[in-house]
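Peer 1: Heads up: the sequence lines are chains L and H, in that order.
As numbered in the numbering used here, the first sequence has no gaps in its residue numbers, which increase by one up to the final residue, 531.
As numbered in the numbering used here, the second sequence has no gaps in its residue numbers, which increase by one up to the final residue, 272.
Any given hint might turn out to be false.
What the hints assert, rightly or not - Cut-off 20 Å, straight-line C-alpha distance, at most; resulting in silico cross-link-like pairs (DMTMM-like, lysine to aspartate or glutamate):
| hint | chain 1 | residue 1 | chain 2 | residue 2 |
| --- | --- | --- | --- | --- |
| 1 | H | Lys178 | L | Glu3 |
| 2 | H | Lys180 | L | Glu207 |
| 3 | L | Lys136 | H | Asp52 |
| 4 | H | Lys180 | L | Glu3 |
| 5 | L | Lys136 | H | Glu13 |
| 6 | L | Lys424 | L | Glu3 |
Said to hold, decoys possible - Examples of chain L residues toward chain H, derived with CB under 7 Å:
| hint | residue |
| --- | --- |
| 7 | Phe131 |
| 8 | Glu132 |
| 9 | Glu294 |
| 10 | Pro402 |
As the list claims (entries may be wrong) - From the derived model, a few chain H residues whose C-beta atoms are all more than 12 Å from chain L:
| hint | residue |
| --- | --- |
| 11 | Thr2 |
| 12 | Arg35 |
| 13 | Gly40 |
| 14 | Thr56 |
| 15 | Arg57 |
| 16 | Ala128 |
| 17 | Gly131 |
| 18 | Pro139 |
| 19 | Lys178 |
| 20 | Arg197 |
| 21 | Ala249 |
| 22 | Ser252 |
| 23 | Gly261 |
Worth flagging that the hints you see were computed from the coordinates, not collected in a lab.
Note that the Cβ used here is the ideal one computed from N, Cα and C, for glycine as well.
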Amino acid sequence: MLELRKDIFADERDDNLKEIGKGTQRQDMLGHVTGTSSYFNDHKLQGMLHLKVVRSTHSHARIRRIDTADAERSAGVRRIIRGSDVPRNLNTLLSLINFGKDDEPSLAVDKVRYKGEPILAIVADSEREAFEAITKVRIDYEPLPAVFDVEDALKAGAPVVNDTYPKNAFIYHDVYDHQKLRFGDADAALATADHVLEQRYQMSPIEHAPTETNGSIAAPDTNGRYVVYTSTQALFFSVDTCAKILDVPSNTFHFIGGTVGGGFGGKVDTLTEPLCILGAMLTGRPVRYVFGREEEMQYGPPRGAERIYIKDGVMRDGRVVARKVRAYFDSGAYTRLSSYAAVKCAAHLPGPYTIPNVYGDVYCVFTNRTPATAMRGFGVTAMDFAIECQMDKLANLVGMDPMEFRILNAYRDGDMKAHRREAKNTALIECVQIAAEKAKWPIRDEFKRASSRKDGGGSRAAIPRTPADAYAATTAPAQQRTTYDRLPTAALHEPPREPPPPAPPSPPSPRPASPSHGAGRFSSVFGTRRR
Amino acid sequence: MTVTVKTFTSSSEAAAALSSDRNARYLGGGTLVMRALNEGDISISTVVRANDHALTRIDPSGPRITLGAGVTFARILGERDLAFLHAPARSIGGPAVRNMGTVGGNLFAPNPYGDFTVALLALDATVALQGGFGSRDIPIEEFLQSRERQAGTLVMSVSCTRPTRAEAFRYRKIARIKPKGGSVITLAAHLPISGGRIAGARIALGSMAPTQIRARAAERALEGRSLDAATVAAAASAAAEGTSPSDNALGSAWYRREIVGVHLRRLLLGQE
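Please construct the entire structure, taking both the sequences and the accompanying hints into account.
Peer 2: As structure tokens, this is what we get:
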């Protein structure tokens, strides 16, 4: 439980909040309903120029030659920016937290990896003149074979999408090509389960479709600084990303944002700000770069599509005894945030249920599609959809009521979760009970009496014997560390194993004597760290 | 090059301006032209407008109705005498688009739009044009077939005969997002019945070809027959004949061909 030192932080939090059930006015509501809220695009600066990008017409191609001679002479054109003009033309968003390798150029140089990838930025007196200049750019492409399917991309001999990751999979901790979860022996449990159900779930990319498209306006300020009006939903993240790409200290920028015309995850990628500021740096004039609606829909990053295979073993009495998951996140051509989505997904398995044998492999895959990014619960939303579809199908398979089936399999306080943390403050049972009550869905008394606080722990807190597969055995824990980590001790890394496997719903065995968590923590992003 | 906006008080001057400039585009409600300009369509360098009241006139009474090209869908929805056109008018966009979008502009709307035109095609409408050559009336089917070559002409109005009975005219738009998604397919049927038999059947389809088209094979299956299950089945199985749908984000050509008969059958049988 979080303790707030009231002796020090007396005014930090009101402990007498009574907000639930009351109507509370949003602080920005008045501005929105009266049309007086100011957005980034409400700024019309004197001498403002307009930036538009030339986008790739191919999904995968080598760029042989870029001829801008006619475009340079086109009316109103002030500057044509190429990849070589970008100070650090390779970045990955999460490099700010040391996660992942730089893999995405602001402007493509030798190769384009998705249809719509920016190649040149044209700064002109008006949007119209920028559009006219775009039609005068001649780009000579050498088309390359493209791959659009996550599983095809992982096959041997598949076209290499992103040279930073030649196997078309994001590499975690410099070693692992996927996120792996092993808890108990899923294969053995599937072999003895009464029913086995394997299903495939395929999601589609989803565009955030904000009312205000991505965009920004950058203007030279005094003392060599730049003021930037932006639609970003992650202002300080965008400041640091721009500082990195433009290779200047972050105090070079004064970012003004805050009023975002719809973000939902689609405005963290900082797609317009670096080029906009670079345009202002190169021309000495204010520059505006706003996505058109089609650009937003087609080339703005969507929620990534996932392909998920789930194989479950269930007993006649309704207990799910094994869950085996393979998931592929379609990151598109570059990483952006999908690497993190796969981590979240693996951490979420097997959903809010206590299943004694869980097996998960989650891949972040590169394809020649529009790069995907964050969107509301990304990494978890699609997996939850698949898991809950699966739960309904399993309930049907064993002839149980789906609500009761969920209560039976729900995790409870004290249970061991698949990633070896004790479940606390669980409330799925209560949620299902209330949902059933509100929906007037009849459930039997024994399920009405179930509680998250009862009957957890005990044998359910045990970590089953987990056969390590060959791949895991070859990887040394030291490789999971980053420069931030102190040397881990072996005991911290792997929780103590109990000798014989308590076969799934077997007689109670004592809970591990001392909880292994707390002192040392394993972060999927950073590896093992000591608190 | 900047975009020039020319506004005329008479439609004939506007028509002359259109026919003299290949890069001129007439702006009705702006739901197509402004979108194109905002998205960087540099083929438009002149925008022509007209304030002529003739363009916004509605003649809703009598057996033959006339709609000025500048009449908006919101206005059609406000005319009680045009109840038979309310379903197609309501199926277009949201309130903002219906407030601005016009009957004339809809004739030029590419797939997956142009739903009102599907209704007009089933009603055998006539399009009144004004161009450098003067004015003339042409059947809507002929107009649609030569739509790409109509750039230099100005549509003045559209007229059609009111269906004698309400149930003789049926309309349905299949969309994935309701109520304002683009059309997967759009269907309209005009089935005048004379002596218990269909006489002059018209079936029009949207999103089944580059422009709105008539399903002539389905029409033939209906002509001279009574609207019974066997006739409807025959029309439904012939619905895709002569169509050439294409793939887009809303549906594949294959899917459109598969569902057009299903929806035609439901439309003719009055099923949901």
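Peer 1: Evaluate each hint against the coordinates.
Peer 2: Going down the list of hints, with the structure as the test:
Proposed proximity of Lys178/H and Glu3/L is contradicted: the alpha carbons are some 49 Å apart, above 20 Å. Taking the CA atoms of Lys180/H and Glu207/L, the gap is near 17 Å; set against the 20 Å cutoff, the hint holds. A hinted pair counts as satisfied when its Cα atoms are at most 20 Å apart, and Lys136/L with Asp52/H does not qualify at roughly 39 Å. Proposed proximity of Lys180/H and Glu3/L is contradicted: the alpha carbons are some 51 Å apart, above 20 Å.
A threshold of 20 Å between alpha carbons decides the hint, and for Lys136/L with Glu13/H the separation of about 34 Å lies outside it, so the pair is violated. Taking the CA atoms of Lys424/L and Glu3/L, the gap is near 16 Å; set against the 20 Å cutoff, the hint holds. At a threshold of 7 Å, the smallest CB-CB gap from Phe131/L to chain H is about 4 Å, leaving the interface hint in force. A cut of 7 Å between beta carbons decides the hint on Glu132/L: the least distance to chain H is about 5 Å, and the hint holds.
Here the hint on Glu294/L is kept, as its CB sits about 5 Å from the closest CB of chain H, short of 7 Å. The closest approach between the C-beta of Pro402/L and any C-beta of chain H is roughly 28 Å, which is over the 7 Å cut-off, so the hint fails. The beta carbon of Thr2/H sits about 6 Å from the closest Cβ of chain L, which is not more than 12 Å, so the claim that it is off the interface is violated. Non-interface call for Arg35/H relative to chain L: violated, since the shortest CB-CB distance, roughly 8 Å, does not exceed 12 Å.
Not every CB of chain L lies more than 12 Å from the CB of Gly40/H, the least distance being 4 Å, so the non-interface label is violated. Every CB of chain L lies more than 12 Å from the CB of Thr56/H, the least distance being 28 Å, so the non-interface label holds. Every Cβ of chain L is farther than 12 Å from the Cβ of Arg57/H; the closest lies at roughly 33 Å, confirming the non-interface assignment. No beta-carbon of chain L is positioned within 12 Å of the beta-carbon of Ala128/H; the least distance is around 33 Å.
Its beta-carbon lying about 28 Å from the closest one in chain L, Gly131/H satisfies the requirement of being farther than 12 Å from that chain. Under the 12 Å C-beta cut-off, the non-interface status given to Pro139/H relative to chain L holds; the minimum distance is some 34 Å. No beta-carbon of chain L comes within 12 Å of the beta-carbon of Lys178/H; the shortest separation is about 16 Å. At the 12 Å boundary, the C-beta of Arg197/H stays outside the reach of chain L, the nearest C-beta of that chain being 47 Å off.
A beta-carbon of chain L comes within 12 Å of the beta-carbon of Ala249/H; the shortest separation is about 9 Å. With a minimum CB-CB distance of about 14 Å to chain L, Ser252/H clears the 12 Å threshold, and the non-interface call stands. Under the 12 Å C-beta cut-off, the non-interface status given to Gly261/H relative to chain L holds; the minimum distance is some 27 Å.
Hints 1, 3, 4, 5, 10, 11, 12, 13, 21 from the list above are not met by this structure, while the remaining hints are.
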